[in-house]
Amino acid sequence: MYIINWWKELSGEVIISGSKNAALPLIAASLLVRWKVKLNNTPLIWDVLTFVDILKGIWVKTSFDKNILSLDTTYLSLEDLNVDMIKKIRASILLLSPLVHYFWELKIPFPWGCNIWKRPIDAHLNWLKDIWYTYFFDGDYIHIKWKPNTWDIEINAWFWVTSTENLIVANVLRKWTTTIKMSAIEPHVMNLIDFLRKAWANIHIRYNHEIIINWVEELKKDIEIDVVSDYIESGTFMILWALASKEYIDIKNARYKDLCSFIYKLKESWVRIDYLWEDIVRVYRSNNLKNVSIQTNIFPWFPTDLQSPFAILMTQADWIWKIHEVLFEWRLNFLVELEKMWAHTAILNPHEAMIFWKRTLKWETVTSWDLRAWAAMVIAWIIATWTTKVTKIEYIERWYEDFLSKLKCLWADINKV
Numbered sequence: 006m007y008i009i010n011w012w013k014e015l016s017g018e019v020i021i022s023g024s025k026n027a028a029l030p031l032i033a034a035s036l037l038v039r040w041k042v043k044l045n046n047t048p049l050i051w052d053v054l055t056f057v058d059i060l061k062g063i064w065v066k067t068s069f070d071k072n073i074l075s076l077d078t079t080y081l082s083l084e085d086l087n088v089d090m091i092k093k094i095r096a097s098i099l100l101l102s103p104l105v106h107y108f109w110e111l112k113i114p115f116p117w118g119c120n121i122w123k124r125p126i127d128a129h130l131n132w133l134k135d136i137w138y139t140y141f142f143d144g145d146y147i148h149i150k151w152k153p154n155t156w157d158i159e160i161n162a163w164f165w166v167t168s169t170e171n172l173i174v175a176n177v178l179r180k181w182t183t184t185i186k187m188s189a190i191e192p193h194v195m196n197l198i199d200f201l202r203k204a205w206a207n208i209h210i211r212y213n214h215e216i217i218i219n220w221v222e223e224l225k226k227d228i229e230i231d232v233v234s235d236y237i238e239s240g241t242f243m244i245l246w247a248l249a250s251k252e253y254i255d256i257k258n259a260r261y262k263d264l265c266s267f268i269y270k271l272k273e274s275w276v277r278i279d280y281l282w283e284d285i286v287r288v289y290r291s292n293n294l295k296n297v298s299i300q301t302n303i304f305p306w307f308p309t310d311l312q313s314p315f316a317i318l319m320t321q322a323d324w325i326w327k328i329h330e331v332l333f334e335w336r337l338n339f340l341v342e343l344e345k346m347w348a349h350t351a352i353l354n355p356h357e358a359m360i361f362w363k364r365t366l367k368w369e370t371v372t373s374w375d376l377r378a379w380a381a382m383v384i385a386w387i388i389a390t391w392t393t394k395v396t397k398i399e400y401i402e403r404w405y406e407d408f409l410s411k412l413k414c415l416w417a418d419i420n421k422v
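In my numbering, each residue's number is its place in the sequence shown (first place is 1) plus 5.
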């Protein structure tokens, strides 16, 4: 549990950590290199550490030196595959492509670990079937095989991020040409492509969301790359600074260019943001906020992972605010918890909600079941009057590196008990 006392004037600076959504696909793709890989700026969080433990079970040598993750994938074996670990983390679906590529056959349990929507994995399996993977279900396990084909193919990824990443990894060493249409182009997808290009993969990106992969015989065997910083964490802190800083706070590794749609909406709501230099952003305290409505969408539009923090900002703006969550059903349920703190909200349907008028948030014992909504609730708790008790803190520790210490360094009165 966290206990947060009201403290509205934070000060200092914060450095944004590496992105979990970038680190996990890079770790999985490292299995294609079959030699040494070094990933700088890797976040030390629960999901990453669990993923690394899974790799240890297939004989990958790993070491962490602060935020540098070193991997040696020279020798791989499925003899000690830890199926219990795979069940704990949904990102283990990223292991399908590299493991089946080398072993041609794989049996793993269904991955879990995410409470947003149902997120079935059928889409991943059906897309892999398009490149001649075959699979069947055996109780709680997926049994998947691969029969190589040698002709050009086109596949639609329908803008799904993890599916795009899985398809890229599955086709880098497949003979001939693969065209992935309607690909996701989020910063972490680009980070994966940069990594594979450094390994001599032949990948081209078109302006119309097409990714073209031409076959290469093998990948370079010694790679080092930086995991991109988490632009969602950066956006979350921007909102916190706008509501709770003494005057302004600087954000380092802000991924400013990745947040163009989000920052446009912040400025529209009268939040002052200055870009300084070398990806450092200064965000000022905003006492007079204008109400603006948002609609989430695929990158580069307004990120679904930032709609919940933005909702907290709008509780402090005058008039009426509306959100349209396009991508996920029932992701607005966190507003139920916000109402306990005296916010005036209304969930209209699984995709739309409204917030009415500016209200001072009051203390309450609240929780959340969504990783990003949990961070949004932390903002609400910091600006609330008196003391707030927070449960289910494992969600924040799964995603955000050293989140508690970052807030303490900014003089937030927050403690873990």
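Each hint should be verified, as a subset may be incorrect.
Below, computed lysine-lysine pairings styled on BS3-like, alpha-carbon distance capped at 30 Å [stated by the list, open to error]:
no., residue 1, residue 2
1, K411, K251
2, K272, K225
3, K152, K203
The calculated label-pair distances, taken between Cβ atoms and stated as ranges, are [as the list claims (entries may be wrong)]:
no., residue 1, residue 2, range
4, N213, S410, 15 to 21 Å
5, F108, I285, 44 to 50 Å
6, T390, D199, 45 to 51 Å
7, K345, Y269, 28 to 34 Å
Simulated from the structure, these hints should not be mistaken for laboratory data. In this text, all values refer to a predicted model and were calculated from it rather than measured experimentally. We put the CB at the ideal spot given by N, CA and C, even for glycine.
Each hint, compared with the structure:
Our distance criterion of 30 Å between C-alpha atoms is met by K411 and K251, whose separation comes to about 16 Å. Our distance criterion of 30 Å between C-alpha atoms is broken by K272 and K225, whose separation comes to about 44 Å. Taking the CA atoms of K152 and K203, the gap is about 27 Å. The hint holds against a cut of 30 Å. Take N213 and S410: their Cβ atoms lie about 43 Å apart, and the range 15 to 21 Å is violated.
For the pair F108 and I285, the beta carbons lie near 45 Å from each other, so the given range of 44 to 50 Å is met. One distance hint, 45 to 51 Å for the beta-carbon pair T390 and D199, holds here, with the actual separation near 46 Å. At roughly 31 Å, the beta-carbon separation of K345 and Y269 lies within the given 28 to 34 Å, and the hint holds.
The structure fails to meet hints 2 and 4 from the earlier list, while all remaining hints are met.
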